[in-house]
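**Q** Chains as they are written, first to last, in our numbering: chain A, 19 to 582; chain B, 716 to 994.
Honestly, the hints are just simulated from the structure, not real lab data. If a hint is listed, it holds; no wrong ones were tucked in.
Simulated pairs of lysine to any residue, SDA-like, Cα-Cα distance not exceeding 25 angstroms: (1) A:Lys98 - B:Gly819; (2) B:Lys762 - A:Ser103; (3) B:Lys920 - A:Phe372; (4) A:Lys104 - B:Pro730; (5) A:Lys508 - A:Thr108.
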Amino acid sequence: MQGERVIIRNGFVYDPINKVNGERMNIYIENGKISEEFKEEGAKVIDATGKVVMPGGVDIHSHIAGKINAARLFRPEDHKGDVVSKTTNTRSGVGYSLPSTFTTGYRYASMGYTTVFEPAVTPLEARHAHEELIDTPIIDSGLMVCLGNNYFTLKYIKEGEVEKLKGFISWLMKAVKGFSVKIVNPGGQETWKWGKNVTSLDDKVIGFDVTPKEIVTNLARVNEELGMPHTIHIHCNNLGSPGNYEITIETMDALRNIKPVKGRKNVVHIAHSQFNSYGGKTWRDFSSGAGEVADYINKHSHVTTCIGQVIFTNTTTITSDGPWQYRLWLLTGNKWTGADVELETSGGIVPYVFRKRNPVNAIQWAVGLELLLLIRDPWRVYLTTDHPNGGPFTLYPQVIGWLMSRKSREELLKKIHKAASTRTQLPGIRREYNLEEIAIITRAGTAKSLGLKSKGHLGVGADADVAIYSFNPEKDSTSDYEKIVSSFSKAAYTLKNGEIVVKDGEIIGSPMGKTFWVECKAPQEQEIMDDLEKTFYNYYTVTLTNFPVQFDYLPLHEPLKTMV
Amino acid sequence: MKQIVLVPRKLPSIPIEAEVISPEIFSGKNIEEIKELQVWNGNCKRKLGDFFSVKGVKSEDPNETHIVIQGDVSRVKYIGKEMRSGKITINGNAGMHLADEMKGGEIIVNGDAADWVATEMRGGTLKIKGNAGNMLASAHPGSERGMKEGIIIVEGNAASSLARKMRRGTIIIYGDIGDHAGSQMIAGTIICLGNIGRRPGALMKRGTIIVYGKAESILPTFIYDATYQPTFIRFYLKNLKEKLNVKLPAEMFNGDYERFHGDIAEDGKGEILLFKRKP
Ligand SMILES: [Zn+2]
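So that you can see chain B by itself, here it is in the shape it has in the complex:
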């Protein structure tokens, strides 16, 4: 892959909206053209080059374009919006609306990510090495569906309202998850290796939430079914480990899980699987 390196200069206190930072838009452009790309700073039109130094090698193919951001861009919004291919690596914290409606390719954040990241994601892979903010992989306000496809791996924690109205895809959080995870979920899988907050899966129709740690509370509209060893979990986790390099505790593979189905206020075909520790 051909690298284009962006280094943020001193960024203004008013956030920048830079959906132009995307492999499709960078590919086919030389460095000078990339610097000329338009961004918004508040209500002012500015150029990308006003805020970033740009270096690297021009690439003709978005699949071969790798954008590397060296530094903190927590006040830069919409990076990788609707990207389909290629790669973005952020060596620092990422701002709001990162990977908004991302369709393909890969984004790696070596730091924390702000709120509203991977909103209505439609494909590709997002890896966050630090913590993620609120509304990760959720639906835009009012929308019928949230994340539709793709894989999200967060090595730290995820805050509240994770995966609201999720339709499909896989989300793995190594740390803890806040309140209201998977609310109004339609389908898809959320794996929480830490503890999960209040009311997971509220109003979920289908889908699976697997929790290795503790659940703070389960809604009364979830019905306890059984404690068992789901066969699919073994295959599913094995796949995640081998194909995506997800680090999973060995005891998860063959352990006991308490199964709850719900939310019976909706279709009730969703499930929460709580890992049961040996006494």
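For reference, chain A alone in the conformation it holds in the complex:
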């Protein structure tokens, strides 16, 4: 907070970006930023002796705004089982896998997370997503915009007009106050309008004569040439299907020669790779393909990935991948709702229970952990559950527990279907994460991948977003699963811009978070305005003038410059 000075004293600090690995030191905060050392006089002192101090958590992929609201309406039973009363500091709320907006902010903060990115907003829904972010307290956020099946994307690629595509994305990010380019089942959603799907990178998208490979390579190229802070973020084709690890590797490989913008090495982020690393040909011989995917990522530096770890619980699947959600409905018989959003995207929602005794679910659980453990560079693999698709974000501490404690993995392996032991490599993996690596996959690495300079570290000038956990690396065993889960579930303290928002896991302050968006300035924008106007007039339900999201919808925001 303005003018206020805080000292976090004597904690074990894990700040991987600044190469601080568990050293006992003080952190100084002034005016909401990390500052140089100053005298204690007049400062608020937080005693972190015997506790772990990390930068606030940064989630790279969690569905917290946008179509999640349709899922909330769709699952009253999810609310009924999880009702939260108001307190003097917090509002009431509901929802286990689909927490209401305020509850989402509180629950993230109480786990020590302070920044969360919504990874799938269709342009027409952006206004609503921003409205939801206004009501999601504490956490900072940003919206990734679905562009892999957008009419203009497909049209400009078909016409070979890459410069116009650049102009379109540049204009669109400003118009919807978006943060980055998201691609979901490239070409598949457009084909789904005809009741079909694409299953290989070289299939043609009906009506456009372009292929998924052309979509991802062109968008990646434009993304890097525009200098977007984050790479393209892909939900690959054939998500959820047996044998899909091949198309995942093909997708990564198709992007190998894209030239990254100056300042980073990677050009693509594979979202929730767990759902795209399956072997086998059918559900009967379903197996893990994580070894192959991890091997590819280990050998190629142009890829980052988040996992989408599966947790055994009753959750909700929500994606823009309309054909996949339909298929999931056929597989489960659970209720389903689908949507087609004009010229932009599709979508679907199906509730899903991941069961320990189900062989496919057991393998899915193992695949996520295999990826996290087999990919050697923690800077390129991030912890997510693809909330709520693999499980609610509130269960991240369980995943941290499994990564840190081999014993806990082995115990759970004994309780779940034996397919997880026989058709994956997990039982043979000895690796255990240390606290530094946990800090990388939950905040430092994600902040870096998102291109957020002020997040994910505790260097001077960084936003004073800090998480303090009651875990003593000198005394507590890092393989004590229960201790890890309880420590990371309820932060001892969470600070947001230097303000204490959480104490002992309880919310004591609820400031508004800000929204990051990217201000591109490609000159090609001018070339496409006529085209946009005509298309909006003819085919959109809104006119071009009514489409952009005004700043009234972003009361606190920070535009980021592009990297060129």
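Assemble the complex: chain A is given as a structure, and chain B with the ligand must be docked to it using the hints.
**A** Quick look at chain B with the ligand alone, frame taken from chain A:
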């Protein structure tokens, strides 16, 4: 059983939510403690004693606790919510959400019951001497399953959407049933001694609906199989008569039934058995 008698005073127009009226919660408490139990009146916290006079004998065992309500509680919700044992008798009309997710024990209503009664019931017995409202023994909105176990006997009529998504259990309605009975039923048995409304068993997967009176319409997704005398009906009805004292017309035991199977839009393993009167 030890009785605790509640007599409602003049109840306010805003409904009261009183899930505390349950044998588990009353047992082990003396009368003064029971009066102090918290209820909601709109968004205000109040005490049970503000709305009811409480008399009777303290009981330590919920199985031995019998709560008797003397008077109309049609504006009191959630009585007997999740109760597992003991007994509640309501000498008057009962409000919404009575026996919500009831797990065991017995509830008797000597009057009518409102909507959403015995929602997702999981066990025990509910007897309503008057009429029942809509959504009796149904699933909560969005839920996958409705009534999971238990017995419901209504001596009057039951309104619409009876037993939606019913999974197991037995429901006997002496009178008529409204529209959409047993929709999305997964299993279980509904017996209607009066007439049944439109679209019974819509989207049912399995389960049995037996109708003694007339059916207003049967969906085209139900296929007529045969007219026969199902052997199981004789045993089933005999059991209901002897064990639960259900009053059944004698001709039901050996009569002819038209069998329809459906809903073929779903699994199609459900059945509707329509009693066929002798011409
Ligand atoms: Zn996702």
